[in-house]
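Visitor: Order-wise, the sequence lines are chains A and B. When you line the first sequence up against our numbering, it's residues 30 to 826, in that order. When you line the second sequence up against our numbering, it's residues 14 to 200, in that order.
Source of the hints: derived by calculation from the structure; they are not laboratory data. Just so you know, not all the hints are guaranteed correct.
Computed list of lysine-lysine pairs in DSBU-like fashion (alpha-carbon distance at most 30 Å, straight line) [what the hints assert, rightly or not]:
no. : chain 1 : residue 1 : chain 2 : residue 2
1   : A       : Lys738    : B       : Lys24
2   : A       : Lys362    : B       : Lys24
3   : B       : Lys179    : A       : Lys80
4   : A       : Lys99     : A       : Lys738
None of the values given here were measured: they were computed from a predicted structure.
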Amino acid sequence: MEVEISRRRFLQGSVALTVVGGTMAGTTALFSEEEKASSASPRVPKTVTTKTGTGKAEEIPFLCGMCVNKCAGFARVEGGIITKLDPNPYFPKSRNMLCPRGNAGIQTAYDPDRLKYPLVRIGKRGSGKYKRVSWEEAYDAILNGTKLFKGLKQILDEEKDNRATIGYCNGEGLSKEGFETLVGQKLGSPNYVDEVSICLETAGGGFFATLGVYPEIDFEHSDYLIISGANRAEAIITPDTMDMFKRTKGRGIKTVCIDPRFTNTAAKADKWLPVNPGTDLAFVLAMTWVVFNEKLQNEAFMKKYGVGYEEYKKHILSHKYTPEWAEPICGIKAKDIYTIAREFMNAEAPVYYPGRRSIFSPNDYQLRRAMAIFQALSGNIDKKGGYIYGNPIILPPEYVNAPIYAQAKPRFDTEGIAFPTLKSGSWIVFRNMILEGKNPYPVRVMMMRKHNPMMSVPNTAKTRKFLEKMDLNVMIDILPSDTAMFADVILPEASYLERTSPVKSYGFLEPAIVQRKAAIKPLYETKEPEVIFKELAEKLAKPLFEISKKYDKDLQEQIKLRGEEKVFEEDGWNLADAWEKPVHEKNKEIVEKAFGPKAWEILDEKGVYYPHMEEYHKQLNPNEFQYYPKNRRFYSTMGDKKRVICKYDHLATRGIDPMPTWHDEWKFSVPEGKFRVITGRHAQFTQSGTTNNAMLRDLIPTNYLWINKGVAKKMGIEFGDMVEIKSEVGQGKLMAYPTEKIAPNQVFMLHGFGSESRGLELAYGNGANDAAILKDDIEPVFGAAVMHSTNVEIRKV
Amino acid sequence: MARYGMALDYKNCINCKACEVACKEENGVLLGADKHRIWVGVNEIEGVWPNLSITSSSFLPSQCQQCDNAPCEEVCPTHATYYDENGVVRVDSDKCILCSYCMNACPYDARYVDDRTVTVDKCTFCSDTRLARGLTTTACQNTCPTKVRTFGDLDDPESEISILLKTRDHFSLKANLGTEPKLFYLT
Numbered sequence: 030m031e032v033e034i035s036r037r038r039f040l041q042g043s044v045a046l047t048v049v050g051g052t053m054a055g056t057t058a059l060f061s062e063e064e065k066a067s068s069a070s071p072r073v074p075k076t077v078t079t080k081t082g083t084g085k086a087e088e089i090p091f092l093c094g095m096c097v098n099k100c101a102g103f104a105r106v107e108g109g110i111i112t113k114l115d116p117n118p119y120f121p122k123s124r125n126m127l128c129p130r131g132n133a134g135i136q137t138a139y140d141p142d143r144l145k146y147p148l149v150r151i152g153k154r155g156s157g158k159y160k161r162v163s164w165e166e167a168y169d170a171i172l173n174g175t176k177l178f179k180g181l182k183q184i185l186d187e188e189k190d191n192r193a194t195i196g197y198c199n200g201e202g203l204s205k206e207g208f209e210t211l212v213g214q215k216l217g218s219p220n221y222v223d224e225v226s227i228c229l230e231t232a233g234g235g236f237f238a239t240l241g242v243y244p245e246i247d248f249e250h251s252d253y254l255i256i257s258g259a260n261r262a263e264a265i266i267t268p269d270t271m272d273m274f275k276r277t278k279g280r281g282i283k284t285v286c287i288d289p290r291f292t293n294t295a296a297k298a299d300k301w302l303p304v305n306p307g308t309d310l311a312f313v314l315a316m317t318w319v320v321f322n323e324k325l326q327n328e329a330f331m332k333k334y335g336v337g338y339e340e341y342k343k344h345i346l347s348h349k350y351t352p353e354w355a356e357p358i359c360g361i362k363a364k365d366i367y368t369i370a371r372e373f374m375n376a377e378a379p380v381y382y383p384g385r386r387s388i389f390s391p392n393d394y395q396l397r398r399a400m401a402i403f404q405a406l407s408g409n410i411d412k413k414g415g416y417i418y419g420n421p422i423i424l425p426p427e428y429v430n431a432p433i434y435a436q437a438k439p440r441f442d443t444e445g446i447a448f449p450t451l452k453s454g455s456w457i458v459f460r461n462m463i464l465e466g467k468n469p470y471p472v473r474v475m476m477m478r479k480h481n482p483m484m485s486v487p488n489t490a491k492t493r494k495f496l497e498k499m500d501l502n503v504m505i506d507i508l509p510s511d512t513a514m515f516a517d518v519i520l521p522e523a524s525y526l527e528r529t530s531p532v533k534s535y536g537f538l539e540p541a542i543v544q545r546k547a548a549i550k551p552l553y554e555t556k557e558p559e560v561i562f563k564e565l566a567e568k569l570a571k572p573l574f575e576i577s578k579k580y581d582k583d584l585q586e587q588i589k590l591r592g593e594e595k596v597f598e599e600d601g602w603n604l605a606d607a608w609e610k611p612v613h614e615k616n617k618e619i620v621e622k623a624f625g626p627k628a629w630e631i632l633d634e635k636g637v638y639y640p641h642m643e644e645y646h647k648q649l650n651p652n653e654f655q656y657y658p659k660n661r662r663f664y665s666t667m668g669d670k671k672r673v674i675c676k677y678d679h680l681a682t683r684g685i686d687p688m689p690t691w692h693d694e695w696k697f698s699v700p701e702g703k704f705r706v707i708t709g710r711h712a713q714f715t716q717s718g719t720t721n722n723a724m725l726r727d728l729i730p731t732n733y734l735w736i737n738k739g740v741a742k743k744m745g746i747e748f749g750d751m752v753e754i755k756s757e758v759g760q761g762k763l764m765a766y767p768t769e770k771i772a773p774n775q776v777f778m779l780h781g782f783g784s785e786s787r788g789l790e791l792a793y794g795n796g797a798n799d800a801a802i803l804k805d806d807i808e809p810v811f812g813a814a815v816m817h818s819t820n821v822e823i824r825k826v
Numbered sequence: 014m015a016r017y018g019m020a021l022d023y024k025n026c027i028n029c030k031a032c033e034v035a036c037k038e039e040n041g042v043l044l045g046a047d048k049h050r051i052w053v054g055v056n057e058i059e060g061v062w063p064n065l066s067i068t069s070s071s072f073l074p075s076q077c078q079q080c081d082n083a084p085c086e087e088v089c090p091t092h093a094t095y096y097d098e099n100g101v102v103r104v105d106s107d108k109c110i111l112c113s114y115c116m117n118a119c120p121y122d123a124r125y126v127d128d129r130t131v132t133v134d135k136c137t138f139c140s141d142t143r144l145a146r147g148l149t150t151t152a153c154q155n156t157c158p159t160k161v162r163t164f165g166d167l168d169d170p171e172s173e174i175s176i177l178l179k180t181r182d183h184f185s186l187k188a189n190l191g192t193e194p195k196l197f198y199l200t
C-alpha cells in the first residue's frame, strides 16, 4: 500500500510549523493556490523524496550550486525526474563526496516556491503583487517600463547615456561572469558590487599582498594546525574539510582551534581557546614575539625570501607584543600562547589555516598579513604539508567586444577606503553614499542576479531604502527572495541542475577542469542564465544604441566615418554577440582547442578532466581515489620566486600600517547588560538561498540564539523561549538556545534566516535575519563589511 | 550470498548529516524529525564556559546495527522482519501490521514508521536500491565527506572491511545484550 504524502502535509506535521507558530500559516503566497496547482507538471516529482529505482537511468555530471565551494557529482535521472545526487569520484577537489546541502540540491530544483515564469510588478514595491507575463513582455518592461515604473530607455535618455546610472550586483556562481559581461561590459556600467565585499575580501587581499597567493593546504602531510575563526566542520570547504578531519583527534594533525564559541571544529580539536571576538591579531603578534624572542624561526628561509624581514623583527620586539601583553586583550592565557608558538615552530609541517570566512573585525587585513608571515617563519611554504601555490590549469581567456561609452562616468564608492577595488567595489560604501546623497550622478537602476542583499549586506533597513530609491530594479533568480520582492521585473532562471555552465578550472595541488551539465531541461518557463543574457541583450541593443547615438560624440563621429551598420557590429554595440554559441558548444570549442578532442570526450562524459587523468586516476579502496600520483602533484612550484612581504611600504602611502600593528581601539568590550552578536554558518545551511529547502529545514528548523547558560538562567530564559534581539540598527525575534558553548557577554545566531518574502513558504517569518541587526561597519583597506562589531540587547518576549 | 557489515571510523564524523540526507534521497524516506534510518548521536558538552571538556563532545553516527541475533526479528508476530540472503535485516511491507513490537524490542531505537508504505521500516543497507543495481557502497558511505563508513562482506577475508576489522581495534554498541551487531566502531 502506498500513500502519497505531499509537501504540504509534511509541513503540517513538521516541527518547524509548531515552533514558529502562526507566521507560516498566515502566508499569503506570491502565487495563488490555483496557480500553484496548475503548475503541477509530470516533470516534477509528486513526493518530497523519491526512492531510486533499479531500471534505466541516466547519470549526468553536474557541479554543485548549493554553496560557493563547487563539488562535483552525478545526477541520477529516471523518467525525466532527478531521483538522486551522487558524488563524482573523478574530481580531485571534492574527492567523491557531497555534503548534506549537496545531497539536498534536488529540493532546490523542485522547490514548489520556485519562480516559474517572468513577473512584472503591479502593486507597491515590496507588496509582492506581480503579474505573470511572457518573456517578451518582461524584456519589454525592462526596456520601456510600465505605468508603475520607468524603463531603461527613458532613464538612459534622461541621464544622457551615462551608463553608470545602472548599478548591478551578482552572487557567486559559474554564470556570474556572463552577467558581468552583459551589464558591465556590454551595457557599460562600472557600478558593480558582489559578495566579495561582504565576504572574505581581506583574507584574499592580505594573503596576496604578503605571499602572492591565497594558498591551498596539503593536510595529508601536515602535522600541526592552528585554525582560528574558520569553522571547517560546519562551513564545509573541499578538500579541506575532508582531509583535515581524517587526521585530527590524535591521528596525525595536532589541532588548536581558536574561536569565541565552541563549534563542531572545536569538538574535533585537541585544544579549544575561546578568543575575544576581533582580537586574533593580538594572539598572532604575541606568538610572533615568542618566535623572535626565542629565535625559533627558519632564519635562512626568511633571510632568503623575506622583504622587510629585519624591520618586522625589530617592529615586533620593540612593540613588546609579549604573551603577557596579549593575554588581557585576546583572552588567551600567556602560557598557552608560549606553548602554541613553540609547538608550531617545532612541528615538522605546521599550518596556520589561512581562513576562508567573512570579515569579523576591522583589523582583518592585518590579521591575515600577520598569519601569513607567522606561517612563513616556519618555512613551511610551497612544500609538502604546507601552504601550496601549485600549478592551476589556465583556461584560455575569453574575448568580449565591448563598446566604449563616452558618456559613462566612473564609479565613486571610495569614501573611507584606502584601496578601492575597481572591479567589485564596496557594497556598503556604494549603498550608503547613494543614501546619503554623496553620489556625483544619479544611480537609478539596479540589475540584480542570484544575490540577496536584503539578507546579506549588514543593515537591512538601509538596503531597503536603497532599493526603494531606484527607478528600476530587475532580478534574475530561482526563488522569490526578500530582495526579489523589490524588483519591478523578475526573470526566472533555471536552477543549477537544469543548466550547462561554462567550464571552470579548480585546484592548485591537484588541478582539474570541470563542466556542469544540465541534468534536466529548465523547469516551468525558466531559462538558462546565458539564454536570458542573450535575449535581453538582443532586446536592448538597438533601442539603447539609439540613445547613445543621441549623446555620444565619439560614436557619432565613428558612424560618420564608417557607417552605422559597421560600427554597430564591429565596435560591440551588438550586445548579443557575446552569446553567439550555446554554452555547451562553446565549452567544447575551448576544451578541444586547449587540450584536444579526447580531453573533451572525457570531460563531457565524466564532468572532469586533467592531463593524464586516464593514467593517474584509480580507486585505492572503497572510500579513496588517487587523482595524481604523489610524485606528480604540484607541492613545490615557486622555487626562488617566493616572497614574504613583511613590510609593505605601498600600504603606508594610503595610511595603512605597512606592518601588522595592534591598535587599542580594537580591544573587545561590551557595555554592561549588552551582548556582542556573532554570526556564522552551519553544515546544513549555506545562506538565505537554502532556507526554503525542505530537506535542510527538516534538519534545522530555525536559527536559535546561542546564549550562555548561566546568563540565560539569570534572565529567566529557557530553551525554546522566544527572545528579541535588538541593536541600534534593527531587531528580530528568535528562539533561545542556552549553552555553555558561548561566553557570557556574547550571543550567536546562524546567518540566512528571518526571511520576509511571503513567496517563500518555509523561510518566511522563520527565525531572525542577522543582516537586519548588524551595523554597517567597514574595514579601512577595501571597505568590506565587518560582521562582528555590533552590540545587542536581549529580552524575553 | 554475502554477510554484509559496516565499519565506522566514527572519530572522523563532524556531524554534518550528509549521510542522513543521502539516505533519505536514495531510499525515499519521508521528511520529519521522527523519520530516519540513520542519525548522528550528539552528547551535550560537559563543563562550564570556558572550561569545557572537548572529549565529552562526541559525534556517534548510527543506524540499524544489522544484528545477527536481531530482537526485532525475534518478536515480529507476522515474520515481516526477516534476514535476507546477505544477512541484512529486512522488512516485508505486505506482512507488517504496525504492531510496533519491533520498535520496542530494538535496543538501538532503529525502527520507525513509514507513513507512505505503512510499515515499521528500517535501514536496509540500500539492498533494494543501490545494491540491487550492482553498486557496492551504501548511500551513507558513498557521500560522507570524511569517509566514516566502510561497507562490505564480512565473509570475504580480502574485503576492505575484513581487513579493517583485523587490523584496527573496534567495539560494538551494547554488545552485552548478545545481539551480535554487524556494525563495528573503529577506535
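Visitor: Mind listing which of the numbered hints don't hold for this structure, in increasing order?
Guide: Structure breaks hints 3, 4.
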